[in-house]
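Student: Spelled out, the chains give:
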Amino acid sequence: MRQPLIYSLLLHVVVFTVAYFGVPALDPDMLPAEAPVVVDIVTVAEKTNVPSAGAKPKPTAKPKPKPKSEAERTPPPPPLPPVRPEARPPEPAPESEVAKLVPPKAKPTPVVRPEKAEKPTPKPKPPPKSAKPKPKPESKKKPKPEQKQASPNAFESVLKTVEQLKARPPKTAGKPEPKQSESALESQVANALSRSPEPYDAGLPVTMSEIEAVRRQIERCWNLPAGAKDAEDMIVSIRVEMNIDGTPRTAVVTDRGRMRVDPFYRAAAESAVRAVLNPRCHPFTLPREKFKRWKTMTLVFNPKEMFGT
Amino acid sequence: MRFKPVALFAALALVAACESTSEETGTASGAGTGAGDVETAVVVTEIEVEEVSLSPVEAEEEMVGIGDRVFFGFDQYTLSGEGRVTLEGQAALLNKYLAITVVIEGHADERGTREYNLALGERRANAAKNYLVVLGVDPGRIRTVTYGEERPAVVGSNDGAWAQNRRAATIVAGSSAGS
Amino acid sequence: MIVGTLCLIQTSGLKRWKPLAAVAIWLVVVGLATPAASDLRIDITRGVVQPLPIAVADFEGSGEEASRLGRDIASVVAADLERSGLFQPVDPKAFIQARPSMETLPRFGDWRVIDAQALLHGRVLFLEDGRLRVEFRLWDVFAEQQMAGLAYFTAPNNWRRIAHIISDAIYKRITGEDGYFDTRVVYIAESGPHDRRVKRLAIMDQDGENHRFLTDGRTLVLTPRFSPTLQEITYLSYTGGAPRVYIRNIDIGRQEVIGDFPGMTFAPRFSPDGEKLIISMAKDGNSELYTIDLRTRAKKRLTFSSAIDTSPSYSPDSRQIVFNSDRGGSQQLYVMDADGSKVRRISHGKGRYATPVWSPRGDLLAFTKIQGGKFYIGVMRPDGSGERLLTEGYHVEAPTWAPNGRVLMFFRQEPIRKDGGGGGSRLFSIDLTGRNEREIPTPLDASDPAWSPLHP
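Going down the list, the protein sequences come from chains A, B and C. So the first sequence is numbered by this note's numbering: it starts at 1 and just counts up by one. So the second sequence is numbered by this note's numbering: it starts at 1 and just counts up by one. So the third sequence is numbered by this note's numbering: it starts at 1 and just counts up by one.
These are computed hints drawn from the structure, not numbers from a lab. Quick caveat: nothing in here was measured; it's all calculated off a predicted structure. There may be inaccurate statements among the hints.
Unchecked claim - To give an idea of the interface, some chain B residues facing chain C are shown, with a C-beta separation under 7 Å as derived from the structure:
(1) Glu-115
(2) Tyr-116
(3) Ala-119
(4) Glu-122
(5) Arg-123
(6) Asn-126
(7) Pro-152
(8) Val-155
(9) Ser-157
Said to hold, decoys possible - Here are the computed lysine to aspartate or glutamate pairs in the EDC-like style, where the Cα-Cα straight-line distance is at most 20 Å:
(10) Lys-292/A / Glu-241/A
(11) Lys-304/A / Glu-387/C
(12) Lys-304/A / Asp-363/C
(13) Lys-292/A / Asp-245/A
(14) Lys-172/C / Glu-232/A
(15) Lys-295/A / Asp-43/C
(16) Lys-295/A / Asp-39/C
(17) Lys-418/C / Asp-159/B
(18) Lys-300/C / Asp-337/C
(19) Lys-292/A / Glu-212/A
(20) Lys-229/A / Asp-178/C
(21) Lys-299/C / Glu-275/C
(22) Lys-292/A / Asp-39/C
(23) Lys-229/A / Asp-262/A
(24) Lys-229/A / Asp-383/C
(25) Lys-342/C / Asp-383/C
(26) Lys-172/C / Asp-230/A
(27) Lys-229/A / Glu-387/C
(28) Lys-172/C / Asp-262/A
(29) Lys-304/A / Asp-43/C
(30) Lys-283/C / Asp-138/B
(31) Lys-229/A / Asp-363/C
(32) Lys-283/C / Asp-260/C
(33) Lys-229/A / Asp-317/C
(34) Lys-172/C / Asp-233/A
(35) Lys-283/C / Asp-75/B
(36) Lys-229/A / Asp-255/A
(37) Lys-304/A / Asp-230/A
(38) Lys-350/C / Asp-75/B
All C-beta atoms in this analysis are idealised placements derived from N, C-alpha and C, irrespective of residue type, glycine included.
Please put together the full structure from these sequences, using the hints given.
Tutor: Spelled out as structure tokens, the structure:
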């Protein structure tokens with residue numbers, strides 16, 4: 001009997017404490033706001049041990065033993081001239097010798113689905129009808145690739161199975177819904193944007209549909225690390241400072257510590273940062289008049305549902 | 001083949017020996033065949049074994065005539081009634097010609113995985129071997145080897161070919177007479 | 001806003017604050033107190049799986065030969081990355097800045113505009129002692145930062161390996177996982193009619209280069225596997241007419257029979273430390289698993305069952321062994337402790353399961369599955385859960401893991417046609433996700449692939 005009472009008392013104390021002081025976790029200051037360093041800077045000097053190790057070709061009597069031992073003995077190779085990646089405002093391009101001779105091609109072929117190239121061998125299936133192995137993925141894929149990244153199908157479970165592939169088509173058919181809503185939302189947002197001339201009205205909250213629109217934008221540019229070990233558990237939080245034109249000014253992974261020690265996490269985090277910084281998905285369709293509301297945002301990338309586990 | 005002349009010669013020698021109707025060895029008969037008689041005597045003792053012997057080629061021909069292979073169901077290694085009959089014929093042959101040794105090759109169809117098929121082929125060869133042993137064949141005369149799916153009897157990717165390939169084939173390996 | 005707040009609490013990671021969080025929720029909901037407004041939070045829960053666009057510029061070189069090597073290295077690296085399915089090299093024709101200098105920052109805008117998200121460039125130098133110095137820089141184009149910069153020294157004729165090593169470095173830096181490009185594949189090269197197939201041991205680089213045959217085809221050989229120490233392979237050979245497990249030194253070419261067994265030995269595989277072999281030994285129709293200590297030649301029997309027990313594979317920590325057995329009536333996967341105890345069946349789906357191989361990463365088993373007249377390559381967790389079939393065909397078999405546990409190689413055999421044609425078999429690789437299936441080019445038909453570990 002006393003235990004519940006104590007618990008209750010404790011709880012009340014806690015409640016009032018929290019009510020009075022606020023929830024610690026909600027304190028915005030808790031979010032580490034660090035310098036906008038997005039990736040580790042690896043200088044050549046630091047790492048040259050590694051290469052020399054790698055350069056040792058073969059422990060055996062191969063033709064290469066020589067280079068190996070040599071490489072090992074080699075003192076840290078002269079570091080490459082330090083390049084200052086921090087020089088944030090880049091494009092210092094000191095030598096402007098290369099004029100823009102080549103007209104920038106909009107997009108070479110970033111989106112080529114690997115599956116396309118994947119079936120090099122025509123494999124005669126005995127039962128031509130059930131020619132599923134290769135053909136299946138292909139046909140499945142077919143509908144999607146046309147819409148490229150925007151296709152809702154692109155979001156389907158990261159891990160494919162032969163069975164899923166078979167079962168998929170119907171599902172796919174039913175799926176376009178998100179896409180439609182997306183474009184609908186986008187046009188709504190666009191309308192809203194065009195209609196509202198006065199910026200900086202801090203009073204208006206960002207609506208769920210506006211958030212949804214941005215979410216869709218970023219999702220299209222988030223290339224998630226599909227096959228990595230424990231990829232589904234790599235939840236990355238990124239603090240983004242925005243420009244008023246809807247482009248991100250800085251994007252900082254909040255868990256810098258884990259980034260330093262966990263290469264898988266770093267890979268996942270970098271993929272998230274790339275999603276935010278990818279110009280193909282800019283500007284975010286957020287209403288200017290609410291800039292104060294989205295001047296800084298926290299984007300949380302959680303791939304769990306993509307793995308369907 | 002190379003044993004055939006020997007057998008023939010031995011048979012003739014036997015006939016000659018019989019004709020002589022002599023219990024003594026040829027040296028006693030004193031006839032012109034002199035030197036040969038000694039050999040004849042030697043051959044005679046051997047012949048009593050050789051009488052029930054065949055060259056491997058002949059034995060192989062006979063084996064094929066009886067049925068040199070037995071077939072199995074998919075992923076099976078138990079002998080069918082038909083297979084038993086075939087093996088009984090083989091056992092009769094082997095029990096008649098005691099000098100013959102055989103290798104039983106176990107095979108599988110291509111619709112399995114390589115390593116499992118090796119084991120399956122080994123099992124099939126042993127199933128055949130065991131039945132021969134039950135029928136009185138000395139196990140020392142039977143060697144088994146598996147080829148898994150590596151040596152199909154019929155090349156093809158259909159039920160007919162697979163059925164022909166799930167087999168244990170008895171191959172005459174040699175004859176102790178030749179050694 | 002409330003939703004956002006809740007999420008924030010949940011992900012704040014402060015497990016011990018959970019009760020507090022609950023209370024806070026309650027407070028928020030009831031409106032007693034509203035914490036200071038925090039950032040706008042957006043959850044991104046879906047993404048795409050697409051290759052990362054990467055620009056691979058020709059490595060610069062002073063002099064004709066260095067320039068040629070620079071081009072060759074870049075093309076090998078680009079091909080490696082492209083083949084992985086995780087990268088899409090940008091067509092060099094689209095490059096605005098043809099080749100960034102090693103001494104200055106790239107003009108990131110020029111690379112952004114052609115959609116490159118990463119940029120690789122480098123330089124090849126001949127040193128005075130005749131060696132080669134190959135260096136590269138890898139840039140994050142969006143973040144405008146260097147991701148990696150390394151230099152290698154080697155003999156010039158070793159340039160191809162350096163290219164693979166660079167590919168591995170890039171792969172590792174961007175995906176977080178070790179690469180697998182500096183590896184080789186041993187397999188069985190096949191030729192001749194199907195009832196008298198000629199089979200030879202063959203070895204090649206992971207990309208099909210440096211191909212050579214290890215045996216002349218006079219003796220039937222099957223199922224080669226690499227030693228973790230790399231210089232040796234183990235396989236089944238019919239040398240002398242009886243199937244036996246052999247070990248062969250790749251470089252010296254000498255082969256040696258393993259174990260003094262009364263029956264045939266087959267299905268060999270090295271233990272993760274390379275000091276033992278685990279094999280099947282079949283005698284009197286019964287196949288059992290044994291280990292052989294390669295130094296003492298001591299053998300140890302692990303299974304005691306009248307069933308077929310074969311295709312064993314160690315877990316990377318050497319504590320467990322997966323194998324297939326028909327002890328339950330049909331071919332299924334079983335896991336046991338390394339001493340043979342605690343045997344338990346892990347495959348429970350329809351069909352037959354075979355050739356289990358433990359991932360070097362430890363998290364998955366790959367296997368061949370036969371069901372309804374078809375063959376599949378699949379993966380499952382070591383407890384049997386999470387089965388996923390990656391590919392299927394008339395006959396696909398013998399998955400082997402890349403050393404990073406990310407990619408599988410297997411062989412795919414076609415049915416023999418009525419006219420006697422067909423029946424060929426080729427090697428393929430596929431990503432763990434089920435994507436990016438590709439043929440590995442081989443001069444002849446090919447089967448039974450085995451991936452080497454990364455070169456030490």
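Student: All the hints need checking, so say for each whether the structure fits it.
Tutor: Here is how each hint holds up against the structure:
1. Glu-115: holds (4 Å)
2. Tyr-116: With a minimum Cβ separation of about 6 Å from chain C (threshold 7 Å), the hint on Tyr-116/B holds.
3. Ala-119: At 4 Å from the nearest chain C Cβ, Ala-119/B passes the 7 Å test, so the hint holds.
4. Glu-122: holds (4 Å)
5. Arg-123: holds (4 Å)
6. Asn-126: Holds, about 3 Å.
7. Pro-152: holds (5 Å)
8. Val-155: Status holds, d = 5 Å.
9. Ser-157: holds (4 Å)
10. Lys-292/A / Glu-241/A: Roughly 11 Å between the alpha carbons, so the hint for Lys-292/A and Glu-241/A holds.
11. Lys-304/A / Glu-387/C: holds (18 Å)
12. Lys-304/A / Asp-363/C: holds (17 Å)
13. Lys-292/A / Asp-245/A: holds (12 Å)
14. Lys-172/C / Glu-232/A: holds (19 Å)
15. Lys-295/A / Asp-43/C: Holds, at about 17 Å.
16. Lys-295/A / Asp-39/C: holds (8 Å)
17. Lys-418/C / Asp-159/B: Holds - the C-alpha atoms of Asp-159/B and Lys-418/C are around 12 Å apart, at most 20 Å.
18. Lys-300/C / Asp-337/C: holds (14 Å)
19. Lys-292/A / Glu-212/A: Roughly 18 Å separates the two Cα atoms, so the pair holds.
20. Lys-229/A / Asp-178/C: holds (11 Å)
21. Lys-299/C / Glu-275/C: holds (12 Å)
22. Lys-292/A / Asp-39/C: holds (10 Å)
23. Lys-229/A / Asp-262/A: Roughly 12 Å between the alpha carbons, so the hint for Lys-229/A and Asp-262/A holds.
24. Lys-229/A / Asp-383/C: It holds: about 17 Å lies between the C-alpha atoms, which stays within 20 Å.
25. Lys-342/C / Asp-383/C: Roughly 13 Å separates the two Cα atoms, so the pair holds.
26. Lys-172/C / Asp-230/A: holds (16 Å)
27. Lys-229/A / Glu-387/C: holds (16 Å)
28. Lys-172/C / Asp-262/A: holds (12 Å)
29. Lys-304/A / Asp-43/C: holds (12 Å)
30. Lys-283/C / Asp-138/B: Roughly 17 Å between the alpha carbons, so the hint for Lys-283/C and Asp-138/B holds.
31. Lys-229/A / Asp-363/C: Distance ~8 Å between Lys-229/A and Asp-363/C Cα, so the pair holds.
32. Lys-283/C / Asp-260/C: Holds, at roughly 13 Å.
33. Lys-229/A / Asp-317/C: With Cα atoms ~17 Å apart, Lys-229/A and Asp-317/C stay inside 20 Å; holds.
34. Lys-172/C / Asp-233/A: Within the cut-off at roughly 19 Å; holds.
35. Lys-283/C / Asp-75/B: holds (18 Å)
36. Lys-229/A / Asp-255/A: holds (19 Å)
37. Lys-304/A / Asp-230/A: Roughly 10 Å separates the two Cα atoms, so the pair holds.
38. Lys-350/C / Asp-75/B: holds (16 Å)
Every hint from the earlier list agrees with this structure, and none is contradicted.
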